[in-house]
Structure formats: structure tokens, C-alpha cells
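Put the two chains together into one complex, using the hints given.
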Amino acid sequence: MKTTNVIWFVMVMMGGAMGCDGMEAGANEIVAPPLDPVVLRPFSAVMERRCGTLDCHGHVSRPLRIFGQYGLRRPEPEGSPNVENYADYYSGGKEQTTLAELEDNYRSICALEPELLADVFAKTASPDVLTIVRKARLREKHKGGLLWNKGEPGDVCMTNWLTGSTDMAQCEVELGHP
Amino acid sequence: MNQTSHVVALLVALAAGCGNRAVDARIEALGEEDPNVRRGEFHRPGQPCLLCHGEYERNEPIMTVAGTVYAFPTSDDPLPVEGVTVKLTDAFGETFEKNTNCVGNFFITKEEWRAAFPLRAELEYRVPGSLESTRRVVMSTRINRDGSCAGCHVGARDQDSPGWVTCAETNLDPPFPPRDANCSGEKP
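Top to bottom, those sequences are chains A and B. Number 150 in the working numbering belongs to position 74 of the first sequence; there are no gaps in the numbering. Number 237 in the working numbering belongs to position 96 of the second sequence; there are no gaps in the numbering.
Only chain B is shown next, with the shape it has when bound in the complex (with noise of 0.2 angstroms):
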């Protein structure tokens, strides 16, 4: 090999030891695309969406926040809400404000909103049965550094996480619509 092979050889190199293999790895655990859902902003809620859409892996597009807002807290196949606005507010004071879609994904762009972290987050909600009236939620800790809501919100309420990011405790009366059939998604 002459000098410039090497120095390709090197980079090479050097490239492939870049990597984070604990993302790599927590990335290989999200498993393989449902083949029924195509990729885009219906694809694998309730996963930590900056995995791959944050400044690691670069997939577009890149999000400074998202994630997935269900009904209420359950141990399995939780309940999407669509029309949610999650309201967010950076450390200063600047806002911005996305709405969830049919399987409860929302996606914050870079383009859209350059955040400064840490953010403070609410969910306002249409109440179930009403044409009008709305319903906040407000996060009791702020959004330090993961602008994925399910790097910490993910599955059952537990002691290393406070479950699904949820609208309500319980069901309410009259309950939460049901899942849109006509909606393109996977379940969690």
C-alpha cells in the first residue's frame, strides 16, 4: 500500500471507532419497522424518537423534541390522543407549540424550534364529551437534556420511570374516543 492507502485505512479507522455502542445498542433494541407502517410521523410511537432523529444519527429529519402523548396510564396497549397540544418552554422563555397526531406522535423539527434546554412541559387536551372545554397538564420536572419523552417515559409506571406520557389518571367519564381505525400506526 502506498502513503495515501494508509492514510484512507486510517481514517476508515478512525471513523468506525466513533460510534456510541450504547446508543447502538439501545437503537438495535427498538426492533425492526412494522411493515405495515411506512416511515414517517406515524411510524414506532412510544419509542424514543431522537435515537435515530437526533444529532447521532442524523436521520431526517432531526428533532430537538418528540414523542408520543396517551390517555391515561395503563400496563399495556395504551390509548393514543389526537389534537393533543404539547406546549413547551425553553430556558428563555421562548415557546412553541405542536399537536399530536392519530396514533399521538408529535415531532419537533431543528428547523421548526432550536431549544434551549432545560424545558418546561404542558399538555392541554379536549375533555372527552365536550366541544369546548380543555384540560392542562403540566410535567413536574423539567426536560434537562433528552428531548425524547419515552428515554424516560417508557411502559408501566415504575421506579426508573413514570410511565407513558399520559393526558389524564384514569379513563375519564365519558371516556377517551377509541383509536381511529383509519389511522396508519403500530402499536406500542
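Isolated chain A, as found in the complex (with noise of 0.2 angstroms):
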């Protein structure tokens, strides 16, 4: 009995393995707006402002997760090469949102819906199809109530970005709303 146990055991295990190697590399790659911070940060901007309060998204606990300069910070221990002044690394300090946490974002936006995201970004799609366009719009049920209507410099910002356009234009507008 212990025997057969044990082959059962091991051939569990050679299967697993097995499964393993049969992983195409590349099969969890999704295609998606262009990581570039340039072209990301303003866009983030929005997300951290509208978005991500220590309230709503800013909160490890969230989908959607934002971290930003006056929200939630990413946890980082004193002295990371992420950081440049440790001192001003809290929520609302002066140290503004880092390369880092700008990546995490970005992880965060894409990884909702990442198939989706991917004939969105390809023009194969409405942006209609993302519940983060729809929940922004309040066409879809979000706590956070109305962020802005389809068209608005916030909505455009979004959609520009998630299309792929490098005109953040929008961004910069809606972030000078009061």
C-alpha cells in the first residue's frame, strides 16, 4: 500500500513538472500601452488624484491598487535605490511618485483586463469594452459615484493612454480642475 502510494506520489509530481515545461515562453505576455513614463505619468497623475486616495484605491487591499505621492506609498524599506529622499516618503510628503510606484500602476491598470486591454490598445476595440472606462463614467456600478462623463479632459486622458496616444494634453487639464 505504501508502495503504490508512493508511485502515485511521484507520478503526480512527473506530471506537474511535465506541465510545467509544456508553458510556451511568452504565454503570460499581453500586449498593452507602452510603459514609458514620460508619456505615463501624467496619465497616472489623474489616476493618483481621482483615483487613488488613501480612502478608495489607495489601499493595498483595493483591486486597482494606486499608489502615488499622496496616497499610498509603495512599501519600501529605508535606503532603496527607489527612493530618493526617505525623509519625504510618506503619503503627502514632498518625495513624488517614483518609477517604481508609476510601474506598480501600471501593472495595476493593465492586469484588470488584460486581453481586453490588448484589442483596446489595438484598435480592435471600443474603450467602451474596459470597466475602468465604464466605472469612470458611471455607466457601471462604482463606489466612487461619477469621476467624469465620455469626452471630458479626465475620459479622454484615459482613453487616449489606453489607445496608445501619446497626446496627454487632457491629463494636464484635468488635473487643473479645482
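Among the clues, some could well be false.
[Unchecked claim] Computed Cβ-Cβ distance ranges for the label pairs, DEER-style:
| no. | chain 1 | residue 1 | chain 2 | residue 2 | range |
| --- | --- | --- | --- | --- | --- |
| 1 | B | E235 | A | L214 | 16 to 22 angstroms |
| 2 | A | E191 | B | G224 | 55 to 61 angstroms |
| 3 | A | N161 | B | P202 | 42 to 48 angstroms |
| 4 | A | N225 | B | P176 | 49 to 55 angstroms |
| 5 | A | L251 | B | A166 | 55 to 61 angstroms |
| 6 | A | K219 | B | T236 | 40 to 46 angstroms |
| 7 | A | K170 | B | R276 | 42 to 48 angstroms |
Since the hints were made in silico from the structure, they are not lab data. Note that the structure is a prediction, hence the values are computed from the model and not measured. The C-beta atom is built at its ideal place from N, Cα and C for all residues, glycine as well.
Shown next, in the form of C-alpha cells:
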């Protein structure tokens, strides 16, 4: 009986190992807007301002977790190369949103609906298919309510980035709102 | 059991299952009441008021926004400031003001104001040593959904908290007046 159990165990382990071998390289890769900090920063700033406050998406437990200067900071130990001035690295501190935080925000946004995002980026689907777009417009239930209507600066900022445009002018307009 | 008993048992079970364990755990973490402070406007300064006085627990009075204002950032024993005007503006541009009491607490009840989030918040405090001069402090972000100041502003400044709600960055010269010895209320 014991021998049978051992044989089963070995077979299961071998099967698991073979299953891992079967994963094709790049199977988890998605097509998404490029991670370009120059283009991403203004869009991320809008997301940080409108979505990433500590009582909303600036919380570790929240889907679409957003890091940023005025919200949740990415956990970093003292001396981290990601942080320029650690004394100012707190929620509301002077250390601006770091590159590491930008990258994490990028991953948060892209990982929500990666396949649909790939379609939107390839312009084979409208941005309306994305939950992130619909929630901000309150076309889908959203605890945070209406952020902007279709065509308003915040909406254009978001859809431009999602479709790969580098025109971030409307992000600055949105950030200028009181 | 007859059919009525089954229905009652089912309703009780359903009601018991409707709690929010995450909120329950946060309430439990607040600890017991200070026996030296009666329940009321002076109790539990620095704690997230709406955990109990919100729509979940519905302890009276039910509040829209509530919190505690201190003098300046510190890692322990923050100094409460009395008479600070907390001015809030909601999404429709409607404003509401409330003053802090001697433990720094203020609260706005649901009957007084049903705010439409997000809210803009600012403080106006009397400059210590001056009879008429005041200063304004504007919150850098909006309050999007949590009416408890201490839902986010808790403890010292950290990577997940901007620290207590304070009037100034450091103590001023002349300094903020010390805590009123006759004031009821516990320290956070």
C-alpha cells in the first residue's frame, strides 16, 4: 500500500513538472500601452488624484490599487534605490511618485482586463468595453461615483493612454480642475 | 419545529450572516471605552468615528463626517486644538462648517448635513498669541468616501498615512496652548 502511494506521488509530481514544461514562453505576455514614464506620468497623476486617495483605490486591499505621492506609498525600506529622499517618502510627503510606483500603477491598470486592453490598444475594440472606463463614467456600478463623462478631459486622458496615444494634454487639463 | 420556527431560524441566520467581518475587526481593534470618559462628544479622539457612528453600526448620532484636529505632527501624544473651524465643501458646492471641542473632536450628523462626496476640506485656526489672526490649511486631496478623518489620518506619518490631521507643520512661536486641564477626554 505504501509503495502504491509513493508511485502515485511520483507520477503526480512528474505530471506537474511536465505541465510546467508545456508552458510556452511568453504565454503570460499581453500587448498593452508601452511603459513610458513620460507618457504614463500625467495619466498616472490623474489616476492618483481622482482614484488613488487613501479611502479608495489607495489601499492595499482594493482592486486597481494605486500608489502615489498623495495617497498610498509603495512599501519601501529605508535605503531603497527607488526613493530619492526617504524622509519625504510618506503619504502627502514631498517625494514625488517614484518610477517604481508608476510601474506598479501601470501593472494595476493593465492587469484588470488584459485581453480586452490588448484589443483596445490594437483599436479592434472601443475603450467602452473596459470596466475602468465605464466605472469612471458611472456606466457601471462604482462606489466612488461619477468621475467624468465621456469626452471630458479626464475621460480623454484615460482613453488616449489606453489606445496608445501620446497626447496627454487633457490629463493636464483634468489636473487643473479644483 | 413547525414551518414558522423554520422561517424565524432562517431569518436569524441570514441576519447574523449579514455582518462585515473586516469592519467588525476594525471596531474591535479600537479597544474598550476609557472608564474616565463618558460616551459623548469627548470620547475616543483620534479614532475613526464612522466605524460605529456610520451606516453600518448606526450608533446614534449617525455622522457624515467626523474627526479630531491636532496642533502639529508628532509620533506620540498629539496636542488637540480647540476652536478650529473645519470647513467642508461637497460635490455640489454646498459648504458646512463645524468647530472642534477641547479634545479636538468635531462631528457632523446626518441630520445636519448629507454631503455629496467627494468633499474638499480646509481648517481655519486661530494663530496662538493673536486675538484675531487666523490661518487656513487646505487638504491636498479630496475625501472620496470615508467620512472618518482617522480612516486615513492615523498615527505618525507613514507610507500609508499622512499622519494626524494637524493645523501646522511644527509647533509655532508662541506655541499652541496646552491641553485644557478641565477638559473631559482621553488621549489617543
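task: Look at the Cβ atoms of A:E191 and B:G224 and judge whether their distance stays inside 55 to 61 angstroms.
output: Between A:E191 and B:G224, where Cβ atoms are some 57 angstroms apart, the hint holds.
query: Would you say the C-beta atoms of A:N225 and B:P176 sit inside 49 to 55 angstroms of each other?
result: 53 angstroms, holds
message: Given a hint of 42 to 48 angstroms, does the C-beta separation of A:K170 and B:R276 actually sit inside it?
response: Since the Cβ atoms of A:K170 and B:R276 sit about 20 angstroms apart, the hinted range of 42 to 48 angstroms is violated.
message: Given the hint of 16 to 22 angstroms, is the C-beta distance from B:E235 to A:L214 inside that range or not?
response: 20 angstroms, holds
query: Does 40 to 46 angstroms hold as the CB distance between A:K219 and B:T236, or does it fail?
result: At roughly 24 angstroms between Cβ atoms, B:T236 and A:K219 fall outside 40 to 46 angstroms, so the hint is violated.
task: Return holds or violated for the Cβ distance of A:N161 and B:P202 against the range 42 to 48 angstroms.
output: 43 angstroms, holds
task: With 55 to 61 angstroms as the target window, see if A:L251 and B:A166 comply at their CB atoms.
output: 36 angstroms, violated
In summary, the numbered hints that this structure violates are 5, 6 and 7.
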